[in-house]
Each structure stands twice: as structure tokens, then as C-alpha cells.
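Residue numbers (this note's numbering), protein chains in the order written: chain A, 1 to 252; chain B, 1 to 225.
It is possible that part of the hints are untrue.
As the list claims (entries may be wrong) - Sample of chain B residues with no beta-carbon within 10 angstroms of chain A, all distances over it, derived:
#1 A77
#2 M85
#3 A89
#4 F90
#5 H92
#6 V106
#7 K121
#8 P178
#9 L184
#10 R204
Unchecked claim - Derived DSBU-like pairs: lysine-lysine, alpha-carbon spacing no greater than 35 angstroms straight-line:
#11 K121/B x K12/A
#12 K188/A x K10/A
#13 K96/B x K50/A
#14 K96/B x K144/A
#15 K168/A x K46/A
#16 K188/A x K96/B
#17 K46/A x K96/B
#18 K90/A x K96/B
#19 K121/B x K10/A
Quick caveat, the hints were computed from the structure, so don't treat them as lab data.
Think of the CB as a built atom: it goes at the ideal place given N, C-alpha and C, for glycine as much as any other residue.
Chain by chain, the residues:
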Amino acid sequence: MISFDIQPYKEKPVYQALLLGGACALVSLLLILGNHTTLQSIEDHKTADKLAMLAQVLPQSYYDNDPLTDTRTLQHEALSAPATLMLAEKNGAVTAVAVQLSIAGWGGIINMILAVTPDGQLMGVRIISHIETPGLADKIEVEKSDWITGFDGKSLENVSEQGWHVKKDGGEFDQFTGATITPRAVVKGVHTGLLLYRSWAESEDGLKTLAAGMTSAADEQSASPERVEKQVQQQSQSSAKNTGSEATEAAS
Amino acid sequence: MSQFRQIFREGLWDNNVAMGQMLALCPLLAVTTSATNGLGMGIASLAVLLLTNIIISSVRGVISPQVRIPVLIVLIATVVTLVDMTINAFMHDLYKVLGLFIALIVTNCAIFGRAESYASKQPVLNATVDALAMGFGFMWVLVAVGGMREILGSGTLFANASLLLGSHFAWLETTVIPNYSGILLAILPPGAFMALGFLIVIKRMIDRRLPQKADNGLVTISSHC
């Protein structure tokens, strides 16, 4: 019926212009409506996903703040995008720091997250996403192989500079048969993450944040004795580092 | 009724999107590293194809031929975006599995091909049946190519199907060859070309054996997409 009525006008440029304009207006309206309805829900899911990702390396018992908003962004030349440091705090004291970073692998960008204790020891590393060769290089996923758990407990102190390589390059970490580039990238990513954490911890902001927590944590008797001991130790370490870094700053 | 049978015959076999029209090869080659991935892409394509065919068929009267292409493109892109947002917002677990495929559908010219050559000329019912036929036709090729590559490459079939379809479908996950080291080539991109090539050869051989079918010898070579 309708098509019969408008048939004579269809050839006219005005009709076509109006049709194009109308179609664009209609789809814009639909997209705005769609975006409006789904935005909140999508944001919630994104936050939940990020928390779930964080929970893989950092148990929720470690923090009572929102690590997703308490973040620092740091840059490093080895990374394909700036890394994000997420601070996990309990009772105002930093209990752990999660570093999310992305580094170029063999097939593309590997996104990973690692958690370190305030004194720079790795609590865990997980791959968030990657597009490496399935069946060959996907052993970096914890579901496929426990290779990634080999990083637990490592730090810049207990693994030497040369040790932060795959065995083929004279380091400590295994490569996979037929896939060296992917594990090499992951090792480099973890190493870079630790370096970034150390450089932040030694920066003015890092020292302030870590030290501020320490005092309040030392006052709080609710924390486990072992933890407090560790934190006090860390505090003295960081104050030592403080003077050290000031000296370097002055020197430079 | 025989008209619909003909549509299904065209979609599932004779004029199959991937094996007859040679369309949508880009998403097909890209995602079929496993049968489950193929199925996921198939489901997503079927849903989008069904929606776009119905919408375009219902507005076919107002679209003038001169500007049909931009109008169809914005309509399809909008439907894909809306489907993407809806699944992300309300079926988030499914989105984690299918999300990648939905975005890829925009590059799928099978959708545009059906809209342009069929839905924009046919009544809604025919367009709906056509979408189902073409969608299922594309889906089975995706699953077949994915299955071939998965068996050869990893020795499994429908691995991780429960992630896509829910835990009720865990029985689909089978290990075809236990302790199999796998032919890496099958999972890499060349494996996709080979698997699809063999499938097309088999289809052509079967077509040639069918005596009643008049083979016009025409090979439809589409522009790439």
C-alpha cells in the first residue's frame, strides 16, 4: 500500500536525500537509545570482570578499598601501552600492588596482570588475554599449564638481571617446545612490571603512599603479627630508600 | 511449501554462503580454529542475518534503488551494534564467548549479500526463511571446517563447548585422539584454507555425481570480503 503511494516520488533526488537523512536519524536514535539502556549494565559487567581478574592474583581478603580506582599509570618503553598500578589497601596500609600491563608477543598483544607484595615479591601472574598460537604458545594460560605459576615468589632480589630471561637466553624460566617468543615476552613483561613497581615504590608518590600506610598499619593491632613485622621492616627499608633516592636525585 | 524447501536446499547446499557463493570467507577462515568457535560464529551470524533480513524486507517498499546500498549498510551496522550491546549488557557470560564474533559480523558480506539480493526484493516470510536457510547453511560449514581443523590440530572435538552453550552441553566435548601432539598447520591460517578447499572439492564431487542436477558450470566468484 505504502510502496504504491510513494512510487512516483522514489526517483526524485529530494526523496533520496530525505531517505538517507531519515535512515541516519533513525539509526542514530536507535543507537543512542540502545547505548543509554545498556551503558550502565555494561559498565557494571566491566567492573565485575576487572575485579574477577584482580581476584586471580590478589585475594579479596587483602584489601578493603577499591583497587580499580586507586591507580597509578606508568610508562615503560618495553610496553605497548602504559601500565596500570592498582593499590590494594587494608586499613589504609598498602598490602599489595597489582600491575596490569600489555606487551607484544608473537601473535599480538599479551595482556597480563601481576600482583606484588609491598617489598616487591611476586604473588602471582595471570594472562588476561592474548592471541598467541593455540595449542603451542597458549601454555601461558593457567588453564592449560602451570608454567605461569613458576613466577610466584620471584622478585628482583632473588632472580638476577640475567635470570629474567628464558633458559634459551641464559635465564631461569622455561620456554615451550616450538614457542620461545611468547614465553620470552611474558618473562619480559613480568620483569618490566617488577621494574615499574620498584621505580614507583622509590618515587616520591610511592614512598609517601607506602609509608603512610605503614604507620597506620603499625598502630593497628588487628593485622597479623607476621604482616606487621614485614611492614615495619618494609618501612625502615623504604625510609632507607628514601634517603637513597633523594641522594640520587640530587646527584642527577 | 515446495518454495520453502527450495530456499532451504539453496541455503544449506546448492547456493551455500561459504561453499557456493564463496562469501563470508574472512570470518570463516579467521575463527574456525575449533568446532565450538565455528558454532559460536554460526549462531551470531544466524541471529544477525535473521534480524537484518526481516527489517530490510519490511522496509523494502520505501528504499529507492539509487540509495539502497548506504541505507542497507547503516541498517546492518546498527543491528550488529545493537545486538552487540544487548548481549554485552544482558547476557554477559555469553558475550565473553561470542563477543569477538559479533564484531566480526560487520565484515561479513554474506549479511549484506542476502539483504541486497534477496530481502530487499522479497516478502517478509520468504526473507525470514531465507535467513534461516542461509544462516544454518553458513553454520554447518563453520562447524565442519572448525571440526576438521580441531581434530587434526588438537585431537579434540567441541572442546570448551560448555563455555558457549552452558554446562548441559558438556557431553559434546570429546577427545577424538588421546595424547595427540597435533598438526600445528591445521590450526594456523593455512589450515583454514586447506580445510575449506577440501570441503568445496567434496561438495563439487557430490554435485557432479548427482545425475538429475543440471550443472550449469557457473562458478560464482565474489569480490573478496
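Hint check:
1. Remark: the non-interface label on A77/B conflicts with the geometry, its nearest Cβ contact in chain A lying 8 angstroms away (cut-off 10 angstroms).
2. Its beta-carbon lying about 4 angstroms from the closest one in chain A, M85/B breaks the requirement of being farther than 10 angstroms from that chain.
3. The beta carbon of A89/B sits about 4 angstroms from the closest Cβ of chain A, which is not more than 10 angstroms, so the claim that it is off the interface is violated.
4. A cut-off of 10 angstroms between C-beta atoms contradicts the statement that F90/B is not in contact with chain A; the least separation is 7 angstroms.
5. Listed as outside the interface, H92/B is inconsistent with that label: its C-beta sits roughly 4 angstroms from the nearest C-beta of chain A, within the 10 angstroms cut-off.
6. The non-interface label for V106/B is consistent with chain A: the shortest C-beta to C-beta separation is roughly 14 angstroms, beyond 10 angstroms.
7. Every CB of chain A lies more than 10 angstroms from the CB of K121/B, the least distance being 12 angstroms, so the non-interface label holds.
8. Under the 10 angstroms C-beta cut-off, the non-interface status given to P178/B relative to chain A holds; the minimum distance is some 15 angstroms.
9. At roughly 6 angstroms from the closest C-beta of chain A, the C-beta of L184/B falls inside 10 angstroms, breaking its exclusion from the interface.
10. Every beta carbon of chain A lies more than 10 angstroms from that of R204/B, the smallest distance being close to 30 angstroms; the non-interface claim holds.
11. Straight-line distance between C-alpha atoms of K121/B and K12/A comes to about 21 angstroms, which keeps the hinted pair within the 35 angstroms bound.
12. The suggested pairing of K188/A with K10/A is violated, with an alpha-carbon distance near 63 angstroms, which exceeds 35 angstroms.
13. For a cut-off of 35 angstroms, the pair hint linking K96/B to K50/A stands: about 13 angstroms separates their Cα positions.
14. Straight-line distance between C-alpha atoms of K96/B and K144/A comes to about 19 angstroms, which keeps the hinted pair within the 35 angstroms bound.
15. This hinted pair does not check out: K168/A and K46/A have alpha carbons roughly 38 angstroms apart, beyond 35 angstroms.
16. For the proposed pair K188/A and K96/B, the alpha carbon gap of about 28 angstroms is at most 35 angstroms, so the pair holds.
17. Restraint check for K46/A and K96/B: the C-alpha separation of about 11 angstroms stays at or below 35 angstroms, so the hint holds.
18. About 31 angstroms separates the Cα atoms of K90/A and K96/B, which keeps this hinted pair within 35 angstroms; it holds.
19. With a C-alpha separation of about 16 angstroms, the suggested pair K121/B and K10/A falls inside the 35 angstroms cut-off, and the hint holds.
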